[in-house]
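Q: In order, the protein sequence lines correspond to chains A and Z. Our numbering puts the first residue of the first sequence at 1, with every later residue one more than the last. Our numbering puts the first residue of the second sequence at 592, with every later residue one more than the last.
Hints in this document: simulated from the structure, not taken from any laboratory. As the structure is a prediction and not an experimental result, all values here were calculated from the model. Each hint should be verified, as a subset may be incorrect.
Computed beta-carbon distance windows for the label pairs [unchecked claim]:
(1) A:Q383 with Z:V666: 31 to 37 Å
(2) Z:Q674 with A:P452: 38 to 44 Å
(3) A:G513 with Z:S658: 50 to 56 Å
(4) Z:D645 with A:L57: 55 to 61 Å
(5) Z:Q617 with A:K115: 48 to 54 Å
(6) A:N517 with Z:T648: 53 to 59 Å
Glycine is no exception: its CB is placed at the ideal position from the N, C-alpha and C atoms.
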Amino acid sequence: MKRIVGLPRSPRVAAAKGVPFSSTPELKVKLPVWRSRMVLFMLFLAFLALICRALWLQALSTDFLQKQGESRYARTLELPATRGKITDRNGQVLASSVPVRAIWAIPEDVLEAPKEKLRELAKLLDMSEQTLRGKLDSDRSFVYLKRQVDPQIADAVLKLGIDGIQTRKEYKRFYPEGEVMAHVVGFTNVEDVGQEGIELGWQKTLAGVQGSRRVIKDRLGHIVEDMRAIREPQDGKNLALSIDSKIQYIAFTKLKEAVEKNKAKAGGIVVLDARTGEVLALANMPSYNPNDRRLLTGSQLRNRVMTDTYEPGSIMKPFTVALALETGRVTPETYIQTAPGKMTIGTATIGDAHPHGVLSVAQVIEKSSNVGTVKMALQMQPQEMWGMFTSVGLGQQPKFGFPGAVAGRVRPYKSWRPIEQATMSYGHGISVSLIQMARSYMIFARNGDIIPLSFLKLAEQPVGQKVISEKTAVAVRRMMEMAAGPTGTAPKAQVPGYRVAGKTGTAYKLAGGKYVNKYVGSFVGLAPASDPRIIVAVMIDEPSGGLHYGGDVAAPVFSEVVASTLRAMNVSPDSSVTDIIIPADAAKESL
Amino acid sequence: MSGRVNFLMAVALGFCALMLVNSQYQARRLFIELERAQTQARQLEIEWAQLQLDQSTLGKHSRIEASARQNLNMVPVTPARTQYLTVAAK
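The shape of chain Z in the complex, shown without the other chains (with noise of 0.2 Å):
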């Protein structure tokens, strides 16, 4: 009786060993899946701060002005020029 008690014991033992192999590797692989997205999530957020950047250089006040008036043709507005509305109280 206790020789089979023993027995499937062993046979547990060893079912539940493998186990904790099997979980070990898991959480390893997906620890270097989770690394792998932080990672990019990293390299995503330099890349918006750079095109961030970008869109501030071209968008200069200086470099609009200056392609508005060369390549446009455009003239700054004045009030002379300019029809005001006003809203009409409600």
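Only chain A is shown next, with the shape it has when bound in the complex (with noise of 0.2 Å):
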């Protein structure tokens, strides 16, 4: 094309000129360059957007944007896994989870609900509306209203239609058998987490594993499918326990009544098999009721068997005599002269309630004689007497996995000083737990070896551990009979039909560094003593009836134990079935 230099100044020039109607001098125009490279760059710019916001979409952002897109449709559902059965040895429930709801509220939402919709929910929930209106008034939102409400409550409470107020699953615990079962089983809290006893000790087993599914649900709120595997919930497993809720009754009502009649401050009683060392029974008193611990009090909840340790008093005699008679110092038949029922080691001075004479060995243990047991422990080194406490399990930690159980204390033996060592003899100077002391009891029961405890159910019989020799054994089990017998410290210990061998223990408490006035009532024992089957050990703190020896305020209780639970054992009697002689005057030990 030619090009056109010099443009004319007008058309009618133009024309005038002759110039030809196919050159129009728009087309003649000359753009600026800079305004079509910027229209270029424009489109450039806006494509340039598009890519960056589609990188933004697609590569940046994806993770967020399907998160959104999926929270439209799928759903994550939460897979409560419920905590485990607590059974007995039979199979009766001990403790178990029901489904219950909590109840939540957004306190914005709920606040304009009209009123009386307000006032009928407080209704239901068993609150007055100012408690109500109380929780409300918070700026968080989020605020539980009630918790563990039955299903049936939940339900009418949803119908009322307020908006903000919703519903949460969780679990509460029931504990059918109330007072009796409370320091075994122990509770949770609203949390379902453990708190005391086996739900504590045992709260890792119980526990389940709370599960979870990712689901599609349609616009109706059905699941479609599953979005990927399924995280099964673990349920907790159960636990089968030791203890034979026939026999806890047993023992958990004599001892009430024990420590009602005799006006005691507490008491503990504690069973077991001496053949499986599974612990069929420990109850305390006072007890509570885990189903509903308003008013719970720490007296009520201590679990004095396995946490408190006392002073044993004469329930310590017979280590002392098997230790004589393991090591050949003496023989049951072998003669001490206790008389004048008084005795002076360094400066102080042990004795007798009453002065006996000379006495034999099983006698020393018949009538309980302090200074017939010191004169025996005296011929020993300290270092035998502390191997045989330790070797029976005092002074260690208990080894069962229930929670608080404390290990009592029995000093080092290279500080003992001679007194030190003639009162451990006869059982003071050390401190023990009553379960520490019912195993301890093993020995005789078991001729002479010692199997750990059990609180769980168990398939196969332990191995034990022995630590005297069976003659010993058998021969202190005799002396522990004539203990619990008519010519004994614990006539009231005899049971009907049964041989029973036991040895009561009274003991001063321990106030302040000083002993005061106030007693320990104890007995332990076991039977059948023939082919002993259990082991009983009965402990009442402060008793202030009047009486306060072992052998009146504990020794009645084994009694009716043993009777139970023997029969509920099906243990065949071993004696003849005749009536019991209970002197009137017994043989007061002493302390």
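From these two lone chains plus the hints, build me the complex, please.
A: This is the structure we're talking about:
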């Protein structure tokens, strides 16, 4: 194309000059180059913006967007796991979880509801309207109104149709046996976490693992499809305890009667299976109802059998005697002069309640003579006695996994002074828990060996550890049978139909480092004496009903519990069924 | 020739597509059914636990003892009133 150089000033001038029409002046307008560049650039920018946006959506924020998309149709469902049941050895349920609901609210939304509805809500939740308003008067967006509500009530609440009221599934633990089992089973808190007893000690086993599943839901809320594999909830395992609820009930009621009758401050009882080491019953007084813990006090909560140590008193004597027999220092027929019923060691004097004169070793146990025991003990090395106490588990941390179980205290033998060795031989100056005491008597019940205790039902019998010879064990058992006979310190421990063996203990209590005029009466025994099946240990703390000797306050409990327990266990009697003799004035044991 | 093959393939494809729709539908329907059955199983399990608990509550030893003593006028057995039988050795 021919270039036209120079533009005419006006068309008329152009026409006059004879310029052809095909070359209109508009066509000849020359636009500045930057304008087209500008358009091109703008288009480029627009594309760039699109690309950036695409990159942003597809690459950088995909996760977020996919999540948002998913949240429109995908749901994660929590699959709550149930806490395992606790049953006794026969399958009777002792603790079980039942689904209930927690009612929660978004306060802002709820407060907009009409007044009558709030009043109805308060009524359903069994609280005053003011309390309800108080709970709702909060800045938070989540407030629990009430937890552990019955499903029926929760449904009724939802039916009110108040905006902002929701429910959440949770579990409530029920304890059908109530106060009878309270100290063994324990309880859980509102979050289903164990707080006491077995519930605490075996929390890991009992608690399940919550599961979850990711699903697609349709418009109507039906689950349409699983998006990935379900994480199955793992329910907690059920626990079968060694406790027999029948024996537990017997032990608890008898203990309760004794504590009330003797106006005692507290009491504890434990029944062991001598063959397997299983704990058949364990009860404390005072007890509490685990289903209603509003008025719970520390004294009720205390599991005295496990966590309280006390000076056992004379129930330690059989160990001293067993050691003396085992080391060949005495035989059951060795005679010991205990007159005049007093003895001075260093600056201290120990004595018997009644002077006895010459006693055989067997009679020392039968009459519970302190002087006789001390005379045997002082022939021995502290290390030997310490070894004896330690090997039966005294002063040792118990290994059965029950929370709060204490070790007691047996001081290292190197620091024993003669007077301490003497008092320890009859159970003063050392501290033990009742369950340790019951377990230590296994060496007499099991012909010399000792096995670990178990709170869970065992499938097989544990292997014992030999402590003393069978001959010694049988001999001491024979002496303890005399102690629990008409001429011993505990005639009230006798059981019609069964031979029993046991030892009373009465000890002063320590208060502020000094012995005070308060007592702990206890009795540990085994039955039937011919072939021991159970060991029963009873402790009555501060009896103030006039009687305080272990033979008067604890032995009757032992007798009643043994009679009922052996019958419940179908153990055949090993003695003739005759009236038992309880002398009016039984031998008094020494403190 | 090739036109006919194409046609047949198209028909087959259409058929398969419909089958897919159908089986997807069936899968979802069965899934909902399974879901319902599982819910029922859970419900029954809860009910069972509840009943077990009821059994324990009603079979409490203290309750049994109270009704045996009060309503039935029973007394505990003593060895003195018990006839013990020994199984003869075989």
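Q: Honestly, which of those hints from before does the structure not fit?
A: Violated hints: 1, 6; rest satisfied.
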